[in-house]
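Residue numbers (this note's numbering), protein chains in the order written: chain R, 1494 to 1701; chain A, 71 to 266.
Derived from the structure by calculation, the hints contain no laboratory data.
Yeah, the Cβ is synthetic: ideal placement off N, Cα and C, and Gly gets one too.
Take these hints with a grain of salt, some might be off.
[Claimed, not checked] Computed cross-link-like contacts, SDA-like style, restricted to lysine to any residue with a CA-CA straight-line distance of at most 20 Å:
#, chain 1, residue 1, chain 2, residue 2
1, A, LYS225, R, HIS1679
2, A, LYS143, A, GLY170
3, R, LYS1577, A, PHE218
4, R, LYS1577, A, GLU194
5, R, LYS1609, R, PRO1580
6, R, LYS1685, A, GLU229
7, A, LYS246, R, VAL1689
8, A, LYS246, A, VAL228
9, R, LYS1609, A, GLN250
10, R, LYS1609, A, LYS143
11, R, LYS1685, A, GLU234
12, A, LYS219, R, TYR1612
13, A, LYS219, R, CYS1535
14, A, LYS219, A, VAL176
15, R, LYS1648, R, ASN1519
16, R, LYS1648, R, LYS1685
17, R, LYS1609, A, TRP235
18, R, LYS1501, R, ALA1647
19, A, LYS143, A, VAL176
20, A, LYS219, A, TRP235
21, R, LYS1577, A, PHE190
22, R, LYS1577, A, GLY170
23, A, LYS246, A, GLU234
24, R, LYS1648, R, LEU1514
25, R, LYS1685, A, LYS246
26, R, LYS1577, R, CYS1535
27, R, LYS1609, A, THR238
28, R, LYS1609, A, ARG210
[Stated by the list, open to error] Some chain R residues close to chain A (C-beta under 8 Å, calculated; not the full set):
#, residue
29, LYS1577
30, GLN1581
31, PRO1607
32, GLN1610
33, GLY1677
34, HIS1679
35, ASP1680
36, PRO1692
37, PRO1693
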Amino acid sequence: MEITPEQKDELRRHGILLTSLEELYNWGRSHSVWPLQFGLACCAIEMIATSMARFDIARFGSEVFRPSPRQADLLIVSGTVTKKMAPQVVRLWNQMPEPKYCIAMGACAISGGPFKQGYNVLKGIDRYIPVDVYIPGCPPRPEALLNGLITLQAKISGQSISGPDAPRHLGSADSCEYPVPEFGGHDLEPPKNPDVWQPPAPARAPKP
Amino acid sequence: MNRAMETPEQIRDRLLARFPGAEISLVPNPAPGAQPSLCVGAAHLREAAVFLRDDDALRLDYCSNVTGIDWPKPGHLEVVYHLYSMALRHGPLVLRARTGNRADLVSLPSLTPVWRSCEFQEREVFDLYGVVFEGHPDLRRLLMWDEFKDFPMRKDYVEPPDYEWEPTAHDAVAAKAALQHPAAAAPSPAPSPEKT
Chain R
1494 MEITPEQKDE LRRHGILLTS LEELYNWGRS HSVWPLQFGL ACCAIEMIAT
1544 SMARFDIARF GSEVFRPSPR QADLLIVSGT VTKKMAPQVV RLWNQMPEPK
1594 YCIAMGACAI SGGPFKQGYN VLKGIDRYIP VDVYIPGCPP RPEALLNGLI
1644 TLQAKISGQS ISGPDAPRHL GSADSCEYPV PEFGGHDLEP PKNPDVWQPP
1694 APARAPKP
Chain A
71 MNRAMETPEQ IRDRLLARFP GAEISLVPNP APGAQPSLCV GAAHLREAAV
121 FLRDDDALRL DYCSNVTGID WPKPGHLEVV YHLYSMALRH GPLVLRARTG
171 NRADLVSLPS LTPVWRSCEF QEREVFDLYG VVFEGHPDLR RLLMWDEFKD
221 FPMRKDYVEP PDYEWEPTAH DAVAAKAALQ HPAAAAPSPA PSPEKT
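Just chain R, same shape as in the assembly (with noise of 0.2 Å):
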């Protein structure tokens, strides 16, 4: 029998608690996404400033920031990449256990930023690592890191526990490492890790 939500709304206003499996599984996840201790540049700075008394990240369920990848669900790139760090942060990435999630904070971690033409500096971590959330800002307040926080937390509340759309870590047995980069003579080798990133298609057509 099908139930729409706002059947669901008519019971619980009469005192019935009505969910299913996947709802109390993904509601459980994502209010208590505990992020790496992590950080790369000035980003960190708000991100520390995000997760203190002020902004309380905690009303989130988010302030337990752990110290070791193994213990932790988020992954917040928060700073320049640059290419001498990049493995060392998808190396970080593979040692946490799925699921796992990423947020890109900051303009920089999404594309180099002001930095990107610095010899040394990766033009997005999303070359390597898939991105969840994209938090633009230079550096973002920590308002828009609360916001980012959210939209991922509706993102992890809208994934169904099976079927195609089933999160990375339901799926397939395949293996959740990434490949790491090296140290190439000119650039990291591989330079982007295809699987993940491919340049989106130009928005409008080339000229004929």
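On the provided structure of chain R, position chain A as indicated by the hints.
Just chain A now, with coordinates in the frame of chain R:
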């Protein structure tokens, strides 16, 4: 700050008197500051540095900054040292040294044994410009990884082609993206006239 330090001309003359035959010249500065600098040949660089540090009238005991310059036109690399005296509270004196060329004669004597503060900065100049400092205690790359082969601050450095996604490219970035990925950076066609 500049409390009665000798002029660079006087310092040059004293260096020449102390080291006869050394290649020491004065590089004029066309900027409004007009502070000339001393250019010392590699053969006498270390002795001249020790002289500048230990001479009683100069006592230039502090090297605040080491910079590299790439000159593709005359074809050499240049290292610039800014010297101050903490003891006598004067400075700066700008000291320059030039390599033979940009390809194989890129060695210069390290001044880290003279001023310890040069250590990291000479490593940086080695990393970014490729100047090899003879006598440096720990000459490794500083900012780039050890396997990196290029010298990114040289004028002829070629960046890896990673400008494939430039949604709002402009100016220098647009030029680079067009050079590296012509298909992705092609301009949009002119809007066709509306058919009504």
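How the hints compare with the structure:
Among the hinted pairs, LYS225 (chain A) with HIS1679 (chain R) is consistent with the structure: their alpha-carbon atoms are about 16 Å apart, no more than 20 Å. For the proposed pair LYS143 (chain A) and GLY170 (chain A), the alpha carbon gap of about 13 Å is at most 20 Å, so the pair holds. With a C-alpha separation of about 10 Å, the suggested pairing of LYS1577 (chain R) with PHE218 (chain A) holds against the 20 Å cut-off. With a CA separation close to 15 Å, the supplied pair LYS1577 (chain R) and GLU194 (chain A) stays within the 20 Å bound.
For the hint linking LYS1609 (chain R) to PRO1580 (chain R), the alpha-carbon distance of about 18 Å falls within 20 Å, and the restraint holds. For the proposed pair LYS1685 (chain R) and GLU229 (chain A), the alpha carbon gap of about 15 Å is at most 20 Å, so the pair holds. Distance check on the hinted pair: LYS246 (chain A) and VAL1689 (chain R) sit about 24 Å apart at the alpha-carbon level, beyond 20 Å; violated. Between LYS246 (chain A) and VAL228 (chain A), the direct Cα distance comes to roughly 11 Å. Compliance with the 20 Å bound is thereby established for this hinted pair.
Between LYS1609 (chain R) and GLN250 (chain A) the alpha-carbon distance is near 15 Å, which keeps this suggested pair within the 20 Å criterion. For a cut-off of 20 Å, the pair hint linking LYS1609 (chain R) to LYS143 (chain A) is broken: about 28 Å separates their Cα positions. For the hint linking LYS1685 (chain R) to GLU234 (chain A), the alpha-carbon distance of about 11 Å falls within 20 Å, and the restraint holds. Taken as a hint, the LYS219 (chain A) and TYR1612 (chain R) pair is honoured in the structure, with Cα atoms around 13 Å apart against an allowance of 20 Å.
About 29 Å separates the Cα atoms of LYS219 (chain A) and CYS1535 (chain R), which puts this hinted pair outside 20 Å; it is violated. A threshold of 20 Å between alpha carbons decides the hint, and for LYS219 (chain A) with VAL176 (chain A) the separation of about 15 Å falls inside it, so the pair holds. A distance of roughly 10 Å separates the Cα atoms of LYS1648 (chain R) and ASN1519 (chain R); the hinted pair therefore holds under the 20 Å criterion. For the suggested pair LYS1648 (chain R) and LYS1685 (chain R), the alpha carbons sit about 26 Å apart, so the restraint of at most 20 Å is broken.
With a C-alpha separation of about 12 Å, the suggested pair LYS1609 (chain R) and TRP235 (chain A) falls inside the 20 Å cut-off, and the hint holds. As the CA atoms of LYS1501 (chain R) and ALA1647 (chain R) are separated by approximately 19 Å, the hinted pair is consistent with the 20 Å bound. Annotation: proposed proximity of LYS143 (chain A) to VAL176 (chain A) holds, straight-line Cα distance about 16 Å (limit 20 Å). The straight-line distance between the Cα atoms of LYS219 (chain A) and TRP235 (chain A) is roughly 26 Å, outside the 20 Å bound, and the hint therefore fails.
Straight-line distance between C-alpha atoms of LYS1577 (chain R) and PHE190 (chain A) comes to about 18 Å, which keeps the hinted pair within the 20 Å bound. The hinted pair formed by LYS1577 (chain R) and GLY170 (chain A) fails the criterion: a straight-line CA distance of about 31 Å is larger than 20 Å. Restraint check for LYS246 (chain A) and GLU234 (chain A): the C-alpha separation of about 10 Å stays at or below 20 Å, so the hint holds. Under the criterion of a C-alpha separation no larger than 20 Å, the hint pairing LYS1648 (chain R) with LEU1514 (chain R) is consistent with the structure, at around 17 Å.
Distance check on the hinted pair: LYS1685 (chain R) and LYS246 (chain A) sit about 19 Å apart at the alpha-carbon level, within 20 Å; holds. For the hint pairing LYS1577 (chain R) with CYS1535 (chain R), the CA-to-CA distance comes to about 18 Å; that is within 20 Å, so the pair holds. For the hint linking LYS1609 (chain R) to THR238 (chain A), the alpha-carbon distance of about 13 Å falls within 20 Å, and the restraint holds. Straight-line distance between C-alpha atoms of LYS1609 (chain R) and ARG210 (chain A) comes to about 25 Å, which puts the hinted pair past the 20 Å bound.
For LYS1577 (chain R), the interface hint holds, since its Cβ comes within 8 Å of a Cβ in chain A; the closest pair sits about 5 Å apart. With its C-beta approaching chain A no nearer than about 11 Å, GLN1581 (chain R) sits outside the 8 Å limit, and its interface hint is violated. Using the Cβ-Cβ criterion of 8 Å, the hint placing PRO1607 (chain R) at the interface with chain A is not satisfied: the shortest such distance is roughly 11 Å. Interface restraint check for GLN1610 (chain R): the shortest CB-CB distance to chain A comes to about 7 Å, inside 8 Å, so the restraint holds.
Interface hint at GLY1677 (chain R): satisfied, since its Cβ lies 7 Å from the closest Cβ of chain A, which is below the 8 Å cut-off. Interface hint status for HIS1679 (chain R): upheld, as the beta-carbon distance to the closest one in chain A is roughly 6 Å, under 8 Å. Checking ASP1680 (chain R) against chain A by beta carbon gives a least distance of about 4 Å; that is within 8 Å, so the hint holds. A cut of 8 Å between beta carbons decides the hint on PRO1692 (chain R): the least distance to chain A is about 4 Å, and the hint holds.
Using the Cβ-Cβ criterion of 8 Å, the hint placing PRO1693 (chain R) at the interface with chain A is satisfied: the shortest such distance is roughly 6 Å.
The structure fails hints 7, 10, 13, 16, 20, 22, 28, 30, 31 (numbered hints given earlier, in ascending order).
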